[in-house]
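Colleague: Below are the chains, spelled out letter by letter.
2 protein chains.
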Amino acid sequence: MRTYCTVAVLLMLAGPSAHARQSADAAPQHHLMPVPASVRIEAGRLPLDKSFAVAVTRHRDARLLRGIERALRRLQARTGIEFSHEIKKDAATAKLAIEVAGPGEAVQSIAEDESYSLNVTAQQATLKAPTVVGALRGLETFLQLVARDAAGSFLPLAEITDKPRFPWRGLLIDVCRHWQPVEVIKRNLDALAAVKLNVFHWHLSEDQGFRVESRRYPKLHELGSDGLYYTQAQIREVVAYARDRGIRVVPEFDVPGHATTWFVGYPRYASAGGPYAIVREFGIFDGTFNPTREEVYRFLDGFIGEMAALFPDAYWHIGGDEVNNKQWNASRAIAAFKKRRGLKDNAALQAYFNQRLSRILSKHGKRMVGWDEILHADLPKNTVVQSWRGQKSLSEGARQGFNGILSAGYYLDAMETSAFHYAVDPLPAANGLDAAQAGRILGGEVCMWGELITPENIDSRIWPRTAAIAERLWSMREVADVDDMHRRLDVVSLQLEELGLTHLSGPDTMLRRLAGTEDIEPLRALLRLVEPLSLGQRMRARRATQLTPLTSLGDIACPDAPARRELAALVAAFLRTAPRDPASGEALAREFRAWVELGRSLAAMAERAPLLRDAEGLAADLAELGAAGQEALTFLSEGKTSPKEWTASKLALLDRAAAHKGFLRLAVVSSLRQLIVAAGSSGSAGRSLEPRGHSPDGP
Amino acid sequence: MRTYCTVAVLLMLAGPSAHARQSADAAPQHHLMPVPASVRIEAGRLPLDKSFAVAVTRHRDARLLRGIERALRRLQARTGIEFSHEIKKDAATAKLAIEVAGPGEAVQSIAEDESYSLNVTAQQATLKAPTVVGALRGLETFLQLVARDAAGSFLPLAEITDKPRFPWRGLLIDVCRHWQPVEVIKRNLDALAAVKLNVFHWHLSEDQGFRVESRRYPKLHELGSDGLYYTQAQIREVVAYARDRGIRVVPEFDVPGHATTWFVGYPRYASAGGPYAIVREFGIFDGTFNPTREEVYRFLDGFIGEMAALFPDAYWHIGGDEVNNKQWNASRAIAAFKKRRGLKDNAALQAYFNQRLSRILSKHGKRMVGWDEILHADLPKNTVVQSWRGQKSLSEGARQGFNGILSAGYYLDAMETSAFHYAVDPLPAANGLDAAQAGRILGGEVCMWGELITPENIDSRIWPRTAAIAERLWSMREVADVDDMHRRLDVVSLQLEELGLTHLSGPDTMLRRLAGTEDIEPLRALLRLVEPLSLGQRMRARRATQLTPLTSLGDIACPDAPARRELAALVAAFLRTAPRDPASGEALAREFRAWVELGRSLAAMAERAPLLRDAEGLAADLAELGAAGQEALTFLSEGKTSPKEWTASKLALLDRAAAHKGFLRLAVVSSLRQLIVAAGSSGSAGRSLEPRGHSPDGP
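Each protein sequence line maps, in turn, to chains A and B.
According to the numbering used here, the first sequence holds residues 144 to 842 in order.
According to the numbering used here, the second sequence holds residues 144 to 842 in order.
Bound-form chain A, shown alone:
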């Protein structure tokens, strides 16, 4: 690593006002996400024009060339500049010279070297990497550096050296509870690569669906999938697509629980007789593999052997979570087996099952990954434990000698903000682990569970929030300025669209269907202000199944609503000064007037369109909140303290408005609360009150 200070460290040292300071010093800002290990941006530019060309001077292979070609297409599309795609050999004639030492691993492992350096002078950009994967990471940084102004497109001068903090940085997609076709997976792989994530954890079997074609056991997909499964050709296609982008594919076939769809075609491997049917509800179900019968292991051996040829990765995820034990407790044969083997409880029985499974995996060259529940002293130490229940089990595993990856705090269906996820560190500063133990924390995985996602709304659940987590997993621990993260996240979010992601366009599409018209402005305005419920809240509000249409406002609204941050910033600016800042006061007044108006148009719209009834309660709330906000502004601007009864009635209104309506909750209540509380307490300017409007929800 080079010796000069990184922007990240500068930011950390300078504290909360670093952002402002940095602009004051006129040090050029960058939009890189994740922030590189070391980055220096300087004044000056490398202009981009039609003379642009790439040279590859050392190692070249097809994967590298394809990666460069993809980058060139994105560069062209974004800059509008037409240039040759011919890859030169002579660095002297190229605006971007790429020097790669070698191909890297034949099958990418957690040891793959992903480092690179990128140096931009006024004459040339130079990208150096020990491996093709490192070069791919560097190309993404190169694309993120591209800027434009009135004079045209250019790269700022930069010196970057970079490598990831954690070697395992993943996204899980559950394609079982709802089906996701190949194109959804591919565009998300593109997005993973754009933010330097390197693992696609493919959750392929569940009570609600078995999603892979098995030629050896065809009743798995024939009877377990409703016809919605990936052919083996498609699996190979996706694995190759991922490898082209430096992404490992870790398949998960959940056993012994969450396994109903295995038994639709093969009931004899369950711990109780069938028949079994694909489950439409969500939750934990009874169907569980029978760990006491040898034919179960022969079956799993055969299945894993077949799949091992499709999934080259060294790791294989066995699930292992949420076994409800009902079938095991009900079976006399299983009780007898436990007794015979001295297995004192069901945990011991599952550990026995996992040990058997681990040996089968070893035979096929695979290491085991499983959820928290598999943690057991008897497992081989190369097992990886994925923690979904909390950081504690991660540390506990590390102390016992197991490698671990964190997913607690990265559950997207909690519908938390980017800032919330950004704060979750797999290895926080005070972690209580020694160096060897800490080294066992391999990284983390974002989880996109499938209860409430369809191809239409999955992207808006994953993106852009996952980019913030990607930064947590790649960048140094000290990169933690939330405002700066937001600034860069907005840029990355737009750039993700060039890869085909639909997180910005999808909501409009869904709104048009819901409203039955192209005229959706009031609904777009509403979506600025509201957020969807967490999975848990939503299921409590009304239970959804695999057959529930996911096309309501609650399925369309996105977490991290834009108005949450905007309003919080305005309120903070307004309250910071005395006398009150008139500019932010006027902006707030405009916003509150718009709420009143929006309340009216939504009510009118909902009357005509039965599917918009969800918005009626919100419309009424918004009208009242807008009026209350205007009154609070008046008190504050005039330096008056609001009457106690007024404050009490408005706080009651806020409590009512904070409750969800339909499957939505307002994202702006806490900012408004700050204003109303401030209006009631004279001299409260600048007091900080409740930074967030709702408490974190568990999955």
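Any given hint could turn out to be false.
Pairs involving identical chains hold if they fit within one copy or between any two copies, as the list cannot separate such chains.
[Said to hold, decoys possible] Dumping the calculated DMTMM-like pairs for lysine to aspartate or glutamate here, alpha-carbon to alpha-carbon at most 25 Å: (1) Lys238 x Asp369; (2) Lys231 x Glu424; (3) Lys362 x Glu380; (4) Lys362 x Asp387; (5) Lys193 x Glu759; (6) Lys306 x Asp577; (7) Lys193 x Glu594; (8) Lys306 x Glu594; (9) Lys231 x Glu449; (10) Lys329 x Asp369; (11) Lys506 x Glu594; (12) Lys487 x Asp333; (13) Lys329 x Glu365; (14) Lys329 x Glu356; (15) Lys306 x Asp333; (16) Lys329 x Asp429; (17) Lys481 x Glu248; (18) Lys329 x Glu380; (19) Lys193 x Asp724; (20) Lys487 x Asp798; (21) Lys231 x Glu365; (22) Lys329 x Asp651; (23) Lys193 x Asp757; (24) Lys232 x Glu365.
It is worth saying that the hints were derived from the structure and are not from the lab.
With the hints as your guide, set chain B onto chain A.
Modeller: Okay, now just chain B, sitting in the frame of chain A:
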């Protein structure tokens, strides 16, 4: 066919005011597109609720069940109603009873029976069809019938019997000049099925790309495709996907011209020595198969034999267009061959080649289709001629005994309006053909050529205009009310989004990248008013190649801009009455004021964003046009005649504004011209002037 009048016939008899009359009579309107052969809608409703269920009472097979499942998902998504997907056997308990006589053809042919009847009473909808394909067509009609109001979702009472006018109703997609991945093809197949088109013509080889994996001749895709080709597994997947939707897949491998990429890997089959490289320019190039060498036919025999296993359709498209003859004229060996065989010119040589090819195709069970140029008396009469040069060659072929399909007038890259294409009939009333000859006109194909399309903008070029052509090819000739077509097209356009089409969301996505911000309102407002240039105009304005980024405003703007129709309607309403209609006058004034404002904000935006410079000329024009429009309204509202000099200067302005700026042209000039001319000629109320702003452009 049943005996009561069809809506279409009513519309025709009633003339232009049918639309108004129909509403006056309170006969319920429908949104069906294409209009069925016979349809009667009546007052009353079949309500849709969670008790909804489907019964299949007679023939059932996997294809039918999959089709029903897809329809149920769309119905659920649109209505928000959750209901069981279990298919019953007892019609009595079902809201939709489906009775299909049999599976239909194993390989769908042009003789497949696509008819169906759909009867909706207050208790039940009954869909009857002789084949699964007929049932699929009927399910689309069922979905189009779904309506909703304040009381909820329902079907109107209806009696429909339906069958297509033409058996060959297709869409060509050129995936060669620009690559289109599988998901683009699939979503467009979904859309074809939604408007009852039944042929996907897959243009798979060109000078710019060879897009299919060949195992027998792997250098075809390895060297001819830049790595952008369909694997054989993907071809099978697409063909199966199409069959599931009642769509035939007709592959086109263009020979002997447009063939450069065959020769990149196999130069010895060309008429002149290599080397050959993938062509990046667009046009007509020299590389042409050598029709004089036997090894060429052995090669084509081998290739066709391999592909015949992938493409089950009875037809095979050989292209055959635009042979430039250069290589043939330059070769002494070819001259000698012609002399030896008595082939008097290159047309005769190509006919010889086509006859040889026809025999090879016969051997593999295929019939030949080719473009106009293949028309030659010596070809077998089961050859199908696809006419791109005009209706004349279609009739000529029919007279000679050949079957024909029309594509002239259906070229989407001409960027014409829906109304323009809608007026093009493969078999107009005055066709000069006898019954047997007329029977040889099989239908038509919409053509989406690939010079200026990417996965990002292809949908907005194809849709919704192709739905209007689909109606021309399915519905009776007399279904020709343009206003009614527009009314229904707007509904279908929205419904296409539920299938994943991006014709409405794609432009926003592209605008965000162009502007570098989510705040794209001024650009959206501009896109309401402008249209892209035709391929010819665009290439004359600035030559594009395969490497030109297609991300400018001209690539984003859509044909058939909404304001074209809206403004024309307002102007017509305003001019129709004396004194002038104040409501439409005020609406026009608002519009013109908005243009002035828009001109300003676009100019400001373009200053900051170099990629928006294209909009600067338009911004200036809009500001001037808006002012002129307001002045014209004042003259007209006050009943004054404008001074001659004023009129002259405004007409000069209109001429300037009618010229394209960048790759865009204003779609509203002709409506404004009507106003300005009317302001200059007192007493001109109601005069009809120039209905369209630009003349049809050739491709």
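Colleague: Decide, hint by hint, whether the structure agrees.
Modeller: Here is what the structure says about each hint:
1. Lys238 x Asp369: Intra 52 Å, inter 23 Å, cutoff 25 Å: inter-copy only.
2. Lys231 x Glu424: between (57 Å within a copy, 21 Å between copies)
3. Lys362 x Glu380: both (23 Å within a copy, 20 Å between copies)
4. Lys362 x Asp387: For Lys362 and Asp387, only the inter-copy Cα distance (22 Å) is at most 25 Å; the intra-copy one is 32 Å.
5. Lys193 x Glu759: Result: close only across copies, 23 Å inter versus 54 Å intra.
6. Lys306 x Asp577: within (23 Å within a copy, 76 Å between copies)
7. Lys193 x Glu594: Intra 48 Å, inter 21 Å, cutoff 25 Å: inter-copy only.
8. Lys306 x Glu594: Neither way: Lys306 and Glu594 sit 35 Å apart in one copy and 41 Å across, limit 25 Å.
9. Lys231 x Glu449: neither (42 Å within a copy, 37 Å between copies)
10. Lys329 x Asp369: So Lys329 and Asp369 pass the 25 Å test inside a copy (22 Å) and across (19 Å) alike.
11. Lys506 x Glu594: Neither, since 34 Å and 53 Å both go past 25 Å.
12. Lys487 x Asp333: neither (47 Å within a copy, 56 Å between copies)
13. Lys329 x Glu365: both (24 Å within a copy, 22 Å between copies)
14. Lys329 x Glu356: Cα proximity of Lys329 and Glu356: in one copy and across copies (18 Å, 20 Å).
15. Lys306 x Asp333: Result: close within a single copy only, 20 Å intra versus 44 Å inter.
16. Lys329 x Asp429: neither (34 Å within a copy, 38 Å between copies)
17. Lys481 x Glu248: Neither way: Lys481 and Glu248 sit 44 Å apart in one copy and 58 Å across, limit 25 Å.
18. Lys329 x Glu380: Result: close both inside a copy and across copies, 10 Å intra and 17 Å inter.
19. Lys193 x Asp724: neither (48 Å within a copy, 54 Å between copies)
20. Lys487 x Asp798: neither (50 Å within a copy, 91 Å between copies)
21. Lys231 x Glu365: Between copies, since 21 Å is at most 25 Å while 50 Å is not.
22. Lys329 x Asp651: both (22 Å within a copy, 22 Å between copies)
23. Lys193 x Asp757: between (52 Å within a copy, 18 Å between copies)
24. Lys232 x Glu365: The answer is between: 22 Å across copies meets 25 Å, while 51 Å in one copy does not.
Violated hints, in rising order: 8, 9, 11, 12, 16, 17, 19, 20; the structure is consistent with all others.
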